[in-house]
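K.L.:
Each chain, written out:
Protein chains: 2
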Amino acid sequence: MLDQDPAKVRRVTCIGAGPIGGGWAAYYLSRGYHVTSYLHQASEIDALKRLMDTAWTSLEEIGLEPGASMDNFTWTADLEKSVEQAEFIQESIPEVLELKQNLYAMLGDIADPRVVIASSTSGMSMTDIQAKCATPERTVVAHPFNPPYLLPLVEMIGGNKTEPETVDWARRFYLAAGKAPLVMQKEVPGFIATRLQEAIWREALHMVANGEATVEQIDQAVVNGPGPRWALMGPCEIFHIGGGEGGMAYCLDQFGPALKLPWTRLVAPELTQDLRNKMVDGCIAMTDGQDFATLSKKMNHGLVEIAKMKRRQSS
Amino acid sequence: MLDQDPAKVRRVTCIGAGPIGGGWAAYYLSRGYHVTSYLHQASEIDALKRLMDTAWTSLEEIGLEPGASMDNFTWTADLEKSVEQAEFIQESIPEVLELKQNLYAMLGDIADPRVVIASSTSGMSMTDIQAKCATPERTVVAHPFNPPYLLPLVEMIGGNKTEPETVDWARRFYLAAGKAPLVMQKEVPGFIATRLQEAIWREALHMVANGEATVEQIDQAVVNGPGPRWALMGPCEIFHIGGGEGGMAYCLDQFGPALKLPWTRLVAPELTQDLRNKMVDGCIAMTDGQDFATLSKKMNHGLVEIAKMKRRQSS
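Chains C and X, in that order, give the protein sequences.
Be aware that the first sequence starts at 1, since it is given in the numbering used here, and climbs by one per residue.
Be aware that the second sequence starts at 1, since it is given in the numbering used here, and climbs by one per residue.
Chain C with its partners taken away, still in its complex shape (with noise of 0.2 Å):
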């Protein structure tokens, strides 16, 4: 609640049992929190369940927080009743944008006006689902990725009529939660990972209509190439690395011209003296200054752990 530290939340309420509502309710179970999960049918709990099943056998690999037990999960398809004591509401009901105004249409109505209401969409504005809302102020986007109780991210935004202490208070909670927030300036469509990951697909899209690469070379590249990285640092920081001692600035100065080649279909930027100096500042910020020889050393770690990983899963 609002008027709550967002570090003392113990009941959440997850509106959705798909696998996005069910993998963010085991997840909040093995925070130790109490979860009540709202149903759209009853029916749906035999499949809830074998989903949060498969999702505990991780969270407890990956290790449980003090408290933490499914016997704190409770399950209604009462959309009032799954409120009345909700600190915190997750929503996660499929992505049709009039399903999702009707609800919170009627959650604006139900629901404590000081909770927060935050809604799973992978790409929808918050503008448009709170339009129907009587109390939107209290509404934001908190998107994860898939799974939720594996990835850490949750890409958070208001909409136009949403608070901004809304947003904030709820950054605090997914701290809090062990979570890693990450606030956008806009809403952009698809907001930053999925973005980054639609143009990465279209781009493999394209090429599988073209007889240029089969499926499977697609994920043998992707997998063999530059997915290990990905899994340790983002494109900026690897090409801050890959530009060796002389960083970004060399990176960009040197390749810079290979953003006009066909190497993609998607064309690039003008590489502007503003924006070459944003690319360089943003990464020896990100970096805080470490050196080439320290952050290669990072990197290469984590590949050498990610290598004797695969080996250890293939033997």
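Mixed in with the good hints there might be a few duds.
Stated by the list, open to error - Taking lysine-lysine pairs in the PhoX-like style, the calculated list, with each CA pair at most 25 Å apart, reads:
1. X:K310 to X:K297
2. X:K308 to C:K310
3. C:K310 to X:K297
4. X:K81 to C:K310
5. C:K308 to X:K81
6. C:K308 to X:K310
7. X:K260 to X:K297
8. X:K310 to C:K297
9. X:K297 to C:K308
10. C:K298 to C:K308
11. X:K298 to X:K310
12. X:K260 to C:K186
13. C:K81 to C:K8
14. X:K298 to X:K308
15. X:K186 to C:K260
16. C:K49 to X:K297
17. C:K298 to X:K310
18. C:K298 to X:K308
19. C:K297 to X:K49
20. C:K308 to C:K297
21. X:K298 to X:K278
22. X:K8 to C:K298
23. X:K81 to X:K8
24. C:K186 to C:K308
25. C:K132 to C:K81
26. C:K260 to C:K298
27. X:K298 to C:K49
28. X:K308 to C:K308
29. X:K308 to C:K297
30. X:K278 to X:K308
31. C:K310 to C:K298
32. C:K81 to C:K49
33. C:K297 to C:K310
34. C:K310 to X:K310
35. X:K297 to X:K308
Said to hold, decoys possible - Restraint ranges, calculated between C-beta atoms of paired labels, are given here:
36. X:G67 to C:L64: 41 to 51 Å
37. X:L261 to C:G246: 31 to 41 Å
38. X:I110 to C:L261: 30 to 40 Å
39. X:P262 to C:L261: 52 to 62 Å
40. C:G211 to X:E165: 22 to 32 Å
I should point out that these hints are in silico values taken from the structure, not numbers from a laboratory.
Here the structure is a predicted model, which means the values were calculated and not measured.
We put the CB at the ideal spot given by N, CA and C, even for glycine.
Assemble the complex: chain C is given as a structure, and chain X must be docked to it using the hints.
P.N.:
Showing chain X alone in chain C's frame:
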């Protein structure tokens, strides 16, 4: 040599002493080969040695092959001498077409024509590189990912004058050397992995240029979101699992319309029935028809290992 079992090769010459050439040299040494490096200038030896020492630390951690030793390394600034005993040549000089063409013209005359010459070029065409070479039939592109001693991918394709036998021989050589060779169907600018990586990179540059995300947000979005999955499987298998029991077919039928959304600046290809089938059949073949439960368990297990590794690193 082409008249030799590629698994019996013992002597490799690495031309070029930068991060790629030096990385290859260290890698081949770790697999028990005798390696000769050609340096453009003798003064490059100190930087090369430092680079190889860094690589060696990681390679020792992964595990050396029997007989592997840094003592099996020699170097020279004499090109002719460098290839005298070579049974395989890995070229990694700067990405300037004229330099490569001139080098291949020289190597074409001085290196035994039965010796395969493989170029580490990250996007040039072998048809262009081999243009001035008198013995082009034994030349092939073999593009590694940086660092070449830790990432297994080697993207391969011949030029117009390359003998198919050369490509197959080199593919078997890389397999014997513990690499993951990927033979492409067509000479596509940027090959496969770099095209996919470049699509992400350009989308990221657009977002920074437009104030939609900062450098740090982009990297956090990848590392905490899709990144760890890409260390384990490619975008196709990820969506095949994302589709649940219905796999890629469900995924495309359900989320296909999302291809029309502005979730990246890259316009998607039309999702024809033919493309749909290629994606679906490709995923089923690639995963040997394993079911959702098996595949998602495998993914979860890998993600748990990565999460644990990251926790160890940050503690």
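K.L.:
Looking back at the hints listed earlier, which ones does the structure fail to meet?
P.N.:
Per hint list: 4, 5, 7, 22, 24, 26, 30 and 39 violated.
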